[in-house]
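Chemist: Now that you have both chains on their own, put them together as the hints suggest.
Sequence order for the protein chains is A and B.
Under this note's numbering, think of the first position of the first sequence as 1, with each following residue one higher.
Under this note's numbering, think of the first position of the second sequence as 1, with each following residue one higher.
Take these hints with a grain of salt, some might be off.
Beta-carbon label-pair distances, calculated as ranges [unchecked claim]:
#1 36/B with 200/A: 26 to 36 Å
#2 69/B with 54/A: 41 to 51 Å
#3 132/A with 189/B: 35 to 45 Å
#4 30/B with 463/A: 39 to 49 Å
I should point out that these hints are in silico values taken from the structure, not numbers from a laboratory.
Just so you know, even glycine gets a beta-carbon here, dropped at the ideal spot from N, CA and C.
If you want the building blocks of each chain, they are given just below.
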Amino acid sequence: MESLFANLALGFGVALSIQNLLYCLLGVLLGTLIGVLPGIGPVATIAMLLPVTFTLNPTSALIMLAGIYYGAQYGGSTTAILVNIPGESSSVVTCLDGYQMARQGRAGPALGIAAIGSFFAGCVATVIIALFAPPLAEVALKFGPAEYFSLMVLGLIAATVLAHGSLIKAIAMVLLGLLLGLVGTDVNSGVARFSFGVSELSDGIGFVSVAMGVFGFAEIIANLEQKEKREIFTKKVSNLLPSLQDFKDSWASILRGTALGSFLGILPGGGALLASFAAYTLEKKVSKNSANFGKGAIQGVAAPESANNAGAQTSFIPLLTLGIPSNPVMALMIGAMMIQGIAPGPQVMTERPQLFWGMIASMWVGNLMLVILNLPLIGMWIKLLMVPYRILYPSILVFCCIGVYSISNSPFDVMQTAAFGVVGYIFVKLECEPAPLILGFILGPLMEENLRRAMLLSRGDALVFFQRPISLTMLVIAGILLAIVLAPAVRKKREEAFVEA
Amino acid sequence: MKITNGKDFWAGLMFVAFGVAFMLVSRNYAMGTSVRMGPAYFPTMLGGLLAVLGGVVLFRAFVTRTQNPLRVFPFVLWRVIAGLALGVFAYYTQPSHDANIVWEIGHALVAGLSVGLIFAAFGERSLWVILFSVVIFGYVLKPLGLVAAVVLLVVISAWGGHEFKWKEVTILSVSLAIFAVLAFVKGLGLPMNVWPSLWE
Numbered sequence: 001m002e003s004l005f006a007n008l009a010l011g012f013g014v015a016l017s018i019q020n021l022l023y024c025l026l027g028v029l030l031g032t033l034i035g036v037l038p039g040i041g042p043v044a045t046i047a048m049l050l051p052v053t054f055t056l057n058p059t060s061a062l063i064m065l066a067g068i069y070y071g072a073q074y075g076g077s078t079t080a081i082l083v084n085i086p087g088e089s090s091s092v093v094t095c096l097d098g099y100q101m102a103r104q105g106r107a108g109p110a111l112g113i114a115a116i117g118s119f120f121a122g123c124v125a126t127v128i129i130a131l132f133a134p135p136l137a138e139v140a141l142k143f144g145p146a147e148y149f150s151l152m153v154l155g156l157i158a159a160t161v162l163a164h165g166s167l168i169k170a171i172a173m174v175l176l177g178l179l180l181g182l183v184g185t186d187v188n189s190g191v192a193r194f195s196f197g198v199s200e201l202s203d204g205i206g207f208v209s210v211a212m213g214v215f216g217f218a219e220i221i222a223n224l225e226q227k228e229k230r231e232i233f234t235k236k237v238s239n240l241l242p243s244l245q246d247f248k249d250s251w252a253s254i255l256r257g258t259a260l261g262s263f264l265g266i267l268p269g270g271g272a273l274l275a276s277f278a279a280y281t282l283e284k285k286v287s288k289n290s291a292n293f294g295k296g297a298i299q300g301v302a303a304p305e306s307a308n309n310a311g312a313q314t315s316f317i318p319l320l321t322l323g324i325p326s327n328p329v330m331a332l333m334i335g336a337m338m339i340q341g342i343a344p345g346p347q348v349m350t351e352r353p354q355l356f357w358g359m360i361a362s363m364w365v366g367n368l369m370l371v372i373l374n375l376p377l378i379g380m381w382i383k384l385l386m387v388p389y390r391i392l393y394p395s396i397l398v399f400c401c402i403g404v405y406s407i408s409n410s411p412f413d414v415m416q417t418a419a420f421g422v423v424g425y426i427f428v429k430l431e432c433e434p435a436p437l438i439l440g441f442i443l444g445p446l447m448e449e450n451l452r453r454a455m456l457l458s459r460g461d462a463l464v465f466f467q468r469p470i471s472l473t474m475l476v477i478a479g480i481l482l483a484i485v486l487a488p489a490v491r492k493k494r495e496e497a498f499v500e501a
Numbered sequence: 001m002k003i004t005n006g007k008d009f010w011a012g013l014m015f016v017a018f019g020v021a022f023m024l025v026s027r028n029y030a031m032g033t034s035v036r037m038g039p040a041y042f043p044t045m046l047g048g049l050l051a052v053l054g055g056v057v058l059f060r061a062f063v064t065r066t067q068n069p070l071r072v073f074p075f076v077l078w079r080v081i082a083g084l085a086l087g088v089f090a091y092y093t094q095p096s097h098d099a100n101i102v103w104e105i106g107h108a109l110v111a112g113l114s115v116g117l118i119f120a121a122f123g124e125r126s127l128w129v130i131l132f133s134v135v136i137f138g139y140v141l142k143p144l145g146l147v148a149a150v151v152l153l154v155v156i157s158a159w160g161g162h163e164f165k166w167k168e169v170t171i172l173s174v175s176l177a178i179f180a181v182l183a184f185v186k187g188l189g190l191p192m193n194v195w196p197s198l199w200e
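With the rest of the complex left out, here is chain B (with noise of 0.2 Å):
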């Protein structure tokens, strides 16, 4: 046996987990009865028609003559696993509320290495960069306020591109932050610190 469509083969894997995985979870729900449904009645149904399917897709990969390599995207797996070891971790280690700064600093930056690497793990610099830049967003927005995650994003995922010109990225980043400081905050009202909050 040899597979050989390498897309057909993960798609097919990819539904075969997920349909087991739901039915898996499921089962610490109520299953009820044809009449009375419990909340694990259809999503047990779901998934194992998921995973039949998922099957004939992964069956499909042996057999059919559409040829594709099973490298379909750059992959690195100890980028994987170390991304998921470092998140367990800072689940684990969540600084309380009242945790003093340089704590919560450091465990910011053991979460942001690790969502880094899940992502860089899939090698295409410009899924990562963008996706990491999404998050650093995400997450400086309320201690640095709009105009310093506006500006961030657009630097970090400029740098995704092909060409990376400084002069243009910061008159793109200053507009851009200016725009949605008037449009969003001034314009639509939305409850947003303009400011690093250390300042207000």
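Chain A on its own, in the form it takes in the complex (with noise of 0.2 Å):
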């Protein structure tokens, strides 16, 4: 208990240095930007800032980014609540009850329990991750290959498991996206693999590239096969503070919220998305206020709002102690961490305590100017929700080329990203979720090193996963998830979640 309190008095001192203030700033500004606007998602954002990270140090680039990914989850719930169209796919639940509250002119409470729902669920989460990341990243220093590996195919069966549409198909990605992972110059033998005598490619394919391609530009070419359509609520936006009858009916659905979006943050595949979505089915099971769900109903907006910003931070546990992503951005997170020199995993606690606490202390900071920030702020963000897309998206591609063509000053890397456009598109027109792909692109490399490893040591004997305690559970609960996705009772029901949402 002590070590977490001068741990914590150590995070505070790095990130309340005037300089990651400044980060910490510009992210959750940014991240509310592009949450408020709709058509652009954290994914990109950070993978449109990964090259301008190159500049900064390691702790001020991790703690803008982190709060980037927060910060749109505060944003994305102002857009849901004004113009019905959710900024960020986590706040679609919000949607439901938010834009009715607005229709009936209460617009100001809404989107002022969502942010003090938030700016709750985000303290309890930093704690979360104060309390639990040592212990866990203590155990995960114990791992030998074998459980890495077993871990990773955990990781990658939950996530596959979470993501929505056909689970073949979602396992199928994951395999596609350990492939693409594998392109590049072998670190056991040095033979270049699967480069086509491509220069670029010896060094692997980029991962802002993927990344980018598959989630910006695919986006983007979506958005603008729909026409928009938009009706704003402007006007009756006065009075921000929700009255003392509004706290009394929402505050139970902010624990409930943060307590469940905590817990399905840190599962791998888990992170905000799930969180809200799930926190929107509890609520309605459980409030004595249910027949008002989708009419406007407090609740509907307390609770999920309260579960993505807790499932967005505690998210970033796997990441912090296990060196696994759990979703997109914290493989991004990954990606940029990498970028840094810095090998994600356990061991970056005990040799980067100041990035490790500066980043968790970072993110009590950011919730509160979030909090401080958003509500005098959204005057302004409402002023930008009227900017057209036809507006928005040359300068959303003005950033992104930049950003791609500044890794190495060569249009290689343009084109790269514009050939995982294309790819991106064909996922998406055949149903494919890109979100496995990347974790698995991501994990590549790591698993295929700790397989190897693995088979040296047990002389190549397949068995040792199984015979390994840890690395036995790991592959029984991947396969009991498995298993129980495939029963045909739950296969059913997850389909009719995922159409219902």
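Modeler: Next up, the structure:
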């Protein structure tokens, strides 16, 4: 307990330096901005900014990128409530009741409770990370290659189970991602694999290109295919503070949402999106007010908004302690760490305590900034919402292109990104989720490395994965997850749940 | 046998093709043993698994009740073939570093046409216009400088949307160009020419 306070003090010392405060502020502002704007998500933004982080020191870079992610959760709710378009995929459910509240002239309280719920959830999640990350990292330090391999299998399986759409396709996308991740020079033999003599490919396919092509460009193209129609409630946003009755109605929802979101965020494959859906469903079941859901119930705003923020933050736990990303945003964070020369994993906490605790403390600081900034700045965000998409997307493209070009100052990366734009478009059309692909892509080389080491240590005996208890446990959990999802009854439910969503 | 789900059909084919392709290319590398895995071991394994799963998805396309037309997106085959042919041609006629400027521009046009055709094969205008604007940006940034590249990117990509208003696009492209120069070249110090390299 004492060391916890010492660590947190160290973290706040780092997070409260002028420079890091500025990057944190920049991150949360950018995050809110892209959260507010529909049609561009945190994945594309972080991918866009990755090249810029080359020039920063690692701690500031990660503080800023983390700020974008949880800032986006805040911003997304504003759009959901005022325009009935989820600014962020995780605020889809906030549309249901938030927009109805806005139509009843209660946009202010809806925005207020969303911000307050998010802030509360953010505080709790920060404490949870500080409490649970160190013991988990200690366990992870004892992991051998076999355990790591099984852990990655479990992580990838869990990610596919929680992805929507077809399970087989999601697993196939993971495999494709793993394969694409193997392109480039093999560390053991020095052979340039699948590079076809292209010298740029011998360093591997650029992570930024894949992420930006598949998420960013494909998203823009898909958005352009449909006509835009928006109805914005702007005039009636006054009196942001919810009434006492509102607080009485929603405090339990905020607590439940925070608890559920924190838990789901830790799971591999979890994160903000899953958390908000689950919280809304739970709230609808347990609330006394369930008949009112979908007609402007404040609980229907408070619970998912708290949950998505909690989930966004606790999904940093597997990243920081195990070095395993649980969703595409975390995969990008790993990319950012690797660019900075930091190998993600449990040793980060012991070797770079300033980075680790600084980042955690910055999350709390960032959440405070969001709640202070967001309420008075809402007028500005609303103005931004009036900007039509035909002005927005060329601007987004300009930032993407300059970012990609600057990675190696050559047209090659730009071409590569465009190519992945085509691939991403095909994925969208064929209903193949790209999220598992990006997780596979980042884990490909790691998985091969650990498989090789494990097999070398066991002298080629594949049973090693089943003989070591931790490894076996993880494989069994992965197997159970698969079996559950493949069971006909659950499969039907799962499909229904995603259709309803 | 009738294909009921076109999306699964194409997705399955795609996975099988990728799986088989990775396995085939892996044959050029050493396989190794399970104790000491060569560079081909893991990709061959994954490729095989991917091909099998692709086969399952493909099979499902025939038996599922989900209905999707086979024509998932507009697709023009001759454009792909022509684009690939031009691409191969461009690859083998790459100008040397000291080639004259006419030859270089000619080659760039052929290469550009090849890429454009491949993108345009997918029919959807928003797709190929956007991606083409991106590729143009990548190629003109070094010779023509950041300002021209940003203006071209904005104008071409704006043309891929629903509405195109000259006045709006002009203002947007100029302001984005100014912002890009200030933020990226002056602010972050990225090494990029602002103006065409011939001028400097």
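Chemist: It remains to establish, for every hint, whether it holds in the given structure.
Modeler: Results for each hint:
no., hint, in the structure
1, 36/B with 200/A: 26 to 36 Å, "29 Å, holds"
2, 69/B with 54/A: 41 to 51 Å, "46 Å, holds"
3, 132/A with 189/B: 35 to 45 Å, "40 Å, holds"
4, 30/B with 463/A: 39 to 49 Å, "25 Å, violated"
When each numbered hint is compared with the structure, a violation occurs for hint 4 only.
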